[in-house]
Amino acid sequence: AQKVTQAQTEISVVEKEDVTLDCVYETRDTTYYLFWYKQPPSGELVFLIRRNSFDEQNEISGRYSWNFQKSTSSFNFTITASQVVDSAVYFCALSRGDSSYKLIFGSGTRLLVRP
Amino acid sequence: DAGVTQSPTHLIKTRGQHVTLRCSPISGHKSVSWYQQVLGQGPQFIFQYYEKEERGRGNFPDRFSARQFPNYSSELNVNALLLGDSALYLCASSLARQGLYEQYFGPGTRLTVT
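From first to last, the protein sequence lines stand for chains W and R.
The opening position of the first sequence corresponds to residue 2 in the numbering used here, with each subsequent residue numbered one higher.
The opening position of the second sequence corresponds to residue 17 in the numbering used here, with each subsequent residue numbered one higher.
So here's chain W without its partners, still in its complex pose (with noise of 0.2 Å):
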């Protein structure tokens, strides 16, 4: 079975801070893709990166970066110098390579940002 989990339900930083969000999931699947998705209060999910299972490069883009280990199951999401606006809620997700429109989400993470 899939399953997506993020152990932090809620963190708070200081604005400039640098934060990391944790996720880890379990499959048995050779080929899969993992997600992250912002949920602000609007409550649109809002795409923020895709990657596939055979591609462990880590990813930059901005203040945003990725980790994906498969050695230890995970693929965390680090913002660096936060920002008010990052404040919201964050989904990790897992498809199956052969059902790639059927995302499990984790519980999320709730981020704050304060000023």
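What the hints contain is simulated information worked out from the structure, not anything from laboratory work.
Using N, Cα and C, we set each Cβ at its ideal position, and we do this for glycine too.
This list has only true hints and no planted wrong ones.
Here's a subset of chain R near chain W, in silico, CB distances under 7 Å, partners left out:
hint	residue
1	S49
2	Q57
3	G58
4	F61
5	Q64
6	G72
7	L104
8	E118
9	F121
10	P123
Using the hints provided, position chain R relative to the given structure of chain W.
Quick look at chain R alone, frame taken from chain W:
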């Protein structure tokens, strides 16, 4: 281009009633998926429709049904509402059924069952 739209934004229903939620995908997108997000939890997959046919179903009772129209818009129907059906219902559209196509989510319909 307009994003995924959903209607209504909010809805209050009584136990036992029926509800219909609507979703319009991004122009050109043929796949629509529905998710249920209970407060404090991550979204859970309900259905995927592609080319007007159900292509995937999550672990939800038969009280939940959906359909997709020729213009690729979709309706989610829930019969005999229970208090536990109170949630944010999210619709996502994608160019194709699967593969390396992003799913774009709408703002959701917040359903409250009293």
